[in-house]
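Q: Here is how the chains run, residue by residue.
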Amino acid sequence: MTTTAERPQLSPGATSLDTTVVTSWKAPIAFGIFTLIALGLAVFAPRAGDTTYRWSQESDVIQVPDLVVPAQQALWAVVALLAVATLSSILRVRSKRRIPLWLVVVFAILFMFGFLTWAGAGSSLPMIGLLFGSLSLAVPLIFGSLAGVIGERAGVVNIAIEGQLLAGAFTAAVVASVTGQPWLGLIAAMVAGMLVGMVLAVFSIKYFVDQIIVGVVLNVLVTGLTSFFFSQVLAPNAATLNTPPRFDRFPIPLLGDIPIIGPVFFRQTVIVYLMYIAVALVFFGLFYTRWGLRLRAVGEHPQAADTVGINVNRTRFWNVALAGAIAGLGGTFYTIGSGIAFNKEMTAGAGFIALAAVIFGQWDPIKATLAALLFGFASNLQNTLSVIGSPVPSEFMLMLPYVVTIFAVAGFVGRSRAPAADGKPYIKS
Amino acid sequence: MKLELRGITKRFGSLVANDHIDLTVEAGEIHALLGENGAGKSTLMNVLYGLYQADDGEVLLDDEVQHFAGPGDAMAAGIGMVHQHFMLIPVFTVAENVMLGNESTKALGRLDLAAARAKVAEISSRFGFHVDPDTLVEDLPVGVQQRVEIIKALSRDARVLVFDEPTAVLTPQETDELMGMMRQLKESGTSIVFITHKLREVREVADRITVIRLGKVVGEAAPTASNAELASLMVGRAVELTVQKQEPTLGDDALVVEHLTVVDPIGQLVVNDVGFTVRRGEILAVAGVQGNGQTELTEALLGLQHRVQGSIMLDGTELIGERVRTVLESGVGFVPEDRNEDGLVGEFTIAENLMLDRSEAPPFVRFGNLQRGALADFARKMVEEFDIRTQGIDEYVQNLSGGNQQKVVLARELSRDLRLLVAAQPTRGVDVGSIEFIHKRIVAARDAGVPVVVVSTELDEVAALADRIMVMYRGRIVGIVPGDTPRDVLGLMMAGETPAEGAAA
Numbered sequence: 001m002t003t004t005a006e007r008p009q010l011s012p013g014a015t016s017l018d019t020t021v022v023t024s025w026k027a028p029i030a031f032g033i034f035t036l037i038a039l040g041l042a043v044f045a046p047r048a049g050d051t052t053y054r055w056s057q058e059s060d061v062i063q064v065p066d067l068v069v070p071a072q073q074a075l076w077a078v079v080a081l082l083a084v085a086t087l088s089s090i091l092r093v094r095s096k097r098r099i100p101l102w103l104v105v106v107f108a109i110l111f112m113f114g115f116l117t118w119a120g121a122g123s124s125l126p127m128i129g130l131l132f133g134s135l136s137l138a139v140p141l142i143f144g145s146l147a148g149v150i151g152e153r154a155g156v157v158n159i160a161i162e163g164q165l166l167a168g169a170f171t172a173a174v175v176a177s178v179t180g181q182p183w184l185g186l187i188a189a190m191v192a193g194m195l196v197g198m199v200l201a202v203f204s205i206k207y208f209v210d211q212i213i214v215g216v217v218l219n220v221l222v223t224g225l226t227s228f229f230f231s232q233v234l235a236p237n238a239a240t241l242n243t244p245p246r247f248d249r250f251p252i253p254l255l256g257d258i259p260i261i262g263p264v265f266f267r268q269t270v271i272v273y274l275m276y277i278a279v280a281l282v283f284f285g286l287f288y289t290r291w292g293l294r295l296r297a298v299g300e301h302p303q304a305a306d307t308v309g310i311n312v313n314r315t316r317f318w319n320v321a322l323a324g325a326i327a328g329l330g331g332t333f334y335t336i337g338s339g340i341a342f343n344k345e346m347t348a349g350a351g352f353i354a355l356a357a358v359i360f361g362q363w364d365p366i367k368a369t370l371a372a373l374l375f376g377f378a379s380n381l382q383n384t385l386s387v388i389g390s391p392v393p394s395e396f397m398l399m400l401p402y403v404v405t406i407f408a409v410a411g412f413v414g415r416s417r418a419p420a421a422d423g424k425p426y427i428k429s
Numbered sequence: 430m431k432l433e434l435r436g437i438t439k440r441f442g443s444l445v446a447n448d449h450i451d452l453t454v455e456a457g458e459i460h461a462l463l464g465e466n467g468a469g470k471s472t473l474m475n476v477l478y479g480l481y482q483a484d485d486g487e488v489l490l491d492d493e494v495q496h497f498a499g500p501g502d503a504m505a506a507g508i509g510m511v512h513q514h515f516m517l518i519p520v521f522t523v524a525e526n527v528m529l530g531n532e533s534t535k536a537l538g539r540l541d542l543a544a545a546r547a548k549v550a551e552i553s554s555r556f557g558f559h560v561d562p563d564t565l566v567e568d569l570p571v572g573v574q575q576r577v578e579i580i581k582a583l584s585r586d587a588r589v590l591v592f593d594e595p596t597a598v599l600t601p602q603e604t605d606e607l608m609g610m611m612r613q614l615k616e617s618g619t620s621i622v623f624i625t626h627k628l629r630e631v632r633e634v635a636d637r638i639t640v641i642r643l644g645k646v647v648g649e650a651a652p653t654a655s656n657a658e659l660a661s662l663m664v665g666r667a668v669e670l671t672v673q674k675q676e677p678t679l680g681d682d683a684l685v686v687e688h689l690t691v692v693d694p695i696g697q698l699v700v701n702d703v704g705f706t707v708r709r710g711e712i713l714a715v716a717g718v719q720g721n722g723q724t725e726l727t728e729a730l731l732g733l734q735h736r737v738q739g740s741i742m743l744d745g746t747e748l749i750g751e752r753v754r755t756v757l758e759s760g761v762g763f764v765p766e767d768r769n770e771d772g773l774v775g776e777f778t779i780a781e782n783l784m785l786d787r788s789e790a791p792p793f794v795r796f797g798n799l800q801r802g803a804l805a806d807f808a809r810k811m812v813e814e815f816d817i818r819t820q821g822i823d824e825y826v827q828n829l830s831g832g833n834q835q836k837v838v839l840a841r842e843l844s845r846d847l848r849l850l851v852a853a854q855p856t857r858g859v860d861v862g863s864i865e866f867i868h869k870r871i872v873a874a875r876d877a878g879v880p881v882v883v884v885s886t887e888l889d890e891v892a893a894l895a896d897r898i899m900v901m902y903r904g905r906i907v908g909i910v911p912g913d914t915p916r917d918v919l920g921l922m923m924a925g926e927t928p929a930e931g932a933a934a
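One line per chain: the protein sequences are A and B, in this order. Position one of the first sequence corresponds to residue 1 (my numbering), numbered consecutively onward. Position one of the second sequence corresponds to residue 430 (my numbering), numbered consecutively onward.
These aren't lab readings, by the way, just hints derived from the structure by calculation.
Stretch by stretch, here's where chain B covers chain A in the computed footprint (C-beta under 8 Å, at least three residues):
hint	segment
1	286-292
2	295-302
3	305-312
Partial pick of chain B residues on the chain A-facing surface, computed with a CB cut under 8 Å:
hint	residue
4	520
5	531
6	540
No residue lacks a Cβ here, since even glycine has one placed at the ideal position from N, Cα and C.
Using the sequences and the hints given, assemble the complete structure.
A: Below is the structure:
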């Protein structure tokens, strides 16, 4: 009657199914669009002159020579290379092969090089300043995304990062102004962030209120409170309450003298150095310690954690509180980290970009940090280009970090896997 | 260790899940706890394990009263549990799962993975398991995952081990191996509580049997008791364990599936080049361990899967690429695997659920308006015909028992003019009385000339219903064999071994 079609020998011990590649035209289409943009710049807005990439500052001990490229020729070369990459991605998808990550990275760097060369034609690009600023702007994003990673790995979506950053910035400014001690401001900021985290934890873990709603409400609450205190209390008494001292830049000897790397990474403030330590600690802790094992267990399969005697809700509570403290620390960048007085809503959505970095970084502290750096770069590009007088309207450049966020999250969200119990309250019967 | 439960009572609202249950398990004994789905077996064990707090009664170990505030206390006292739904974290390795909650650390608080690996290896070799401590649990077959659960319990020096429906996910061969392990554990002095609703297993391995029904202990039995005796104790009345059915009257080929392939979002071929034919008046049973592509196959038949290649011809019409509505209108009846997820809306009444897939046209809807009268008449008729035990047609479906819920689904599907019936796990979570009824209705549909595809992981059900049996393994067809194929042959096929006499039937 019926026979099965011819069938290769089955091996009973094998654990995986046969697979095929699910082809997606996302990458070739995106490549094509960016290639056309580059082509459009070359054809419709040609720029004469050379672009100078400056890799050293005058004060540096070791000077790296400038890189000078003729703008129009370089742009055409980039367009040609981009076209080759696009073509190869089309061929790969058609022959059912995956687009390797390195191709995406090379494509992005090429495009960026082409764009910078075009935008900077006739002037010189301070690369150290561009990268240094990118890192600085990424600092609150990185602290925020660490807070996000910890919260979500434990199973609580931390939408309140924005509020925690803002609370940290506000508290740091006030405490540091009053005491004159930036370190006290830093500690106060952590406490403030932790308190916001604890409110989130109590409502979402103990009372099972929807985590997203509590988070959003907290953001609104913190924005409202800090704005109120700013206009009613801080503004009239700015000299005593809102003149925070700043952490000075502290170049690390030797490391700070390395060409390019030194000035970018090792002539920063103590908050940036704390950020390096925090990233390393969270990474190590998450994957190599008991704390991390239990934290991840609670976020993946809370019931399994419960059956081996781990108190799920207590674990979640303290980790959400810890995440709040880390985000609060990130908030100090805005005030005592930069020596700027507190201002209304000065975090400007950084908490949400940090949240995007968490997803883009696939809930991994290192990858989330890299994602945050990318967003920092996108933000700082605008500053640099407006200084050298680029032809791109600054409003357009201001959009850039958000555009990068949307594309990054849309492009990657399907490929990564969130912790299985992320956002779900653990209700014991 | 001797375990004693005295007068355990546990209520959930007005429902009494455990009503003064007494149970004694002697050291080195395998004690089977037999009962239907929903009889209260799992609740009782969750009380024992500290997951639930009993409203009344006490737990004694070696005659000492215990107070368990949580599973941690129960484990410390020497109780281990192999859960029905494994309590393992899929993205952790075996060693990480075994050490979780009981971690030893090195300097700087680093996890001592080497110690955990050594422990896994030591217990594995003691019981002849073959488990690699560094594999991710999600990459292991379910049989091995269960061993990880056992290792996890033993690594905490469990001396009372509870197995909660351990065979539900296993092939018959794996079940036999599990029985062997249980005997071995018993030899080493471990007391075992074995929870199940499968009579055959109980008689094979248990030293003593306690039967519970509706939350109460209804009797004890010796392993020598017959299946019929155990079944009537369990259900409370005499039950027919086999389905009476005539030889099939075969008609033309109705459903012809060729080279059907279903790809999941990450590119795995969950159904891999499957081809079969079902004739009118025939039941084709699809057997296999859960998760070998049966779910995706039934969903593909209904048009619920997206990445599908090949051909599904029903009475000469291609169904692939059609919308679900078109497939339904062409006469396909579908009993989904998970009725609460895909088959019913719990907050709707019985009547409303009965018209879920008929909301487009008369008699139930005219000019966009519900015809309440027509619906009520129809619903009353169905409740009567399908023996749905309920207060009335306006009862919410979520308040019905599993068996009655399934009858609502079946009534809806069978009351249409069917040209194909696809029933996935038609009796999962259904009481024995309803199983009888559902099986009879499926056989009646087949006798009326409807081609039927039944997917089941229970070999008893497959044997009771099938005219032919198709066994699936890792998305492929291992073979299609006659309905009276012996259990052990099917068991081997479910583990992926092609039967010696060839795949044709």
